[in-house]
Amino acid sequence: MIWIAYRNELTKMAHRLAFWVSYIFFAFIALVGYLEDYLEARASPDRIFRLPDSWDQILTNDVEINFIFAGVVLVLLVANEFQWRTARQNVIDGLSKEQWFVGKLLLIPTLIGIFMATRTLVGVAFALAGTDAGDAALVTSVHAMAMGGVILAMSGALALALFVSLAVRNTGPAMAVWFFYFVALENLVAGGLVQLSDAFRPVVRFFPMALFNGAARYMQYDPEAYAAYVNRMAQNGREPLTLFDTSVLWGAASGWVAVLVLGAFLWFRRRDL
Amino acid sequence: MTPVIEVAGLTKRFRKTAAVDDISFAVEPGQIFGFLGPNGSGKTTTIGMLLGIITPTGGAFRLFGGGSSTELHAARRRVGATLEQPNFYPYLRGVDNLRLVARVKGADERAVHDALDVVGLGKRKRDQFKAYSLGMKQRLALAATMMGDPELVILDEPANGLDPEGMREIRDIIHTLADRGKTIFLSSHLLWEVERTCTHVAIIQRGRLLRQASVGEITTGGEVVELEAADVGALDRAVREFPEVQSVRVDGDRIVATMQRADLAEVNRYLVERGVYVRHLALRQRSLEDVFMEVTGAGDHGMGEVA
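Chains as they are written, first to last, in our numbering: chain S, 1 to 273; chain U, 1 to 307.
Calculated directly from the structure, the hints in this document are not laboratory data. Cβ atoms here follow ideal geometry from the backbone N, Cα and C, with glycine treated the same way. Please note: incorrect hints may appear among the correct ones.
[To be verified] Among the chain S residues that face chain U by a calculated CB cut under 10 Å, a handful are: (1) Ile4; (2) Arg85; (3) Ala87; (4) Gly237; (5) Arg238; (6) Ser247; (7) Arg270; (8) Arg271.
[Stated by the list, open to error] Result set (DSS-like, lysine-lysine): computed pairs, CA atoms no more than 27 Å apart in a straight line: (9) Lys97(S) <-> Lys123(U); (10) Lys130(U) <-> Lys97(S); (11) Lys125(U) <-> Lys137(U); (12) Lys137(U) <-> Lys123(U).
[Stated by the list, open to error] Coverage of chain S stretches by chain U, computed from C-beta distances (three or more under 8 Å per stretch; other residues unrestricted): (13) 5-11; (14) 93-103.
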């Protein structure tokens, strides 16, 4: 039955104009971004855009765009079900609340796959144009870790979108709440707490978006990239970010994903449809 | 025979308000069961609890004899239902909406097209749901309830907002389903529709079940007299004092009185003696609407949407 619920979710998504508009816009942004990188690399010997050197650009640059587009699509696919009362009808038709929820939950890996694959494929296509034969297949454990980090970060952002959608049950407000939290609220709260007392500094590092953004940072996985960053910051006289141990970062971020998914489920199950 | 629906002391409270208050009833296989009540009486909440989308705060119910959560989930696979307005994905075509339902119900592609043909949407099945008229939406909802060949069909206000032709079509479809041996649980406030369609009824008001019986039983006992006079107030007062009167209500310019035994000549003589001269005096069969008005007292407070 879970397979049926998931298959129905795919059908609804594939027929949804809003999904395609979001996806095409996202793909267009990726295309323009990587085309620019490719053209700049061709025009200037100082710039490079080739594999394996540019995996960091392909995987993690402007990764917030992945969060935003996938999050918007998820909110549209979940919150609308309550305005149209189709969530209630799905349960009347024979899905249990648990099956309905799992169908929606499976949209998270699906959207991550779609959006990440699109961005990676477009980036790789342009990067390959500037790559010498024989080097292209070079993917190191650092790249794999960075990709894992982005997947974890997207899981977090989408779990938050799922939670908000099921709590608010209305597309516009859900999108506004999710976006406000994503863009501003957490930073405002964290900033306020740190201003209140420096003792909060280690605490706010464990806030959800702080962890998710940290997991999507390429230098978290590449010591050379981090060293170069520390040098740059030192030259500018600024304090560099202190990175988490990767296992702690992933453990804490995964914990937040689990909390958000469990919270969304319990909230959804408790309320009448 | 095991009742299809068995409700015992079912209650739903929203904070301090009891939307459904300790109701009990049973629906036997093959019945077309009308669940009557004014808007806000608790009909939809009761159905919502039966369908698992509203959690009861008290009491219990069984579907096809099963009362545990596993049994109820399995039993709901044998139920086709629509609650309030038709709920479908507006951007999907009619046929695609039914395909989603068919997958959940385990019905095949042929069942989708058969159901669309039964409700007369075969030619419009490729239109988006949002392009359908209200009548077409209601018919699509009926088609969805047929998916998986359910043994129990629950319909909540299926004729809401329809014109007389649409209502007739819905009634025909309900009879088609009944002819196929389905048990039908029909919630409505359209009393004459229920009377023409149902075999059994239950009347609910302010969350409480007031009466349950077959339509035949409920409409027997007492005779109904319609009266009209220039001075409705005087007529009303006089009729209320007539010895055989059980209940009186005002219906527009007319007085409708239920009497234990009605002899029109005697009624007329009684009124003339009190200086009331009627211009219309007629005896008719007691209708479900008459019973409803008596039981709920709706005639004393205006009928609202119950008509």
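>> Of all the hints numbered above, which does this structure not satisfy? Sort the numbers upward.
In response: 4, 5, 6 and 9
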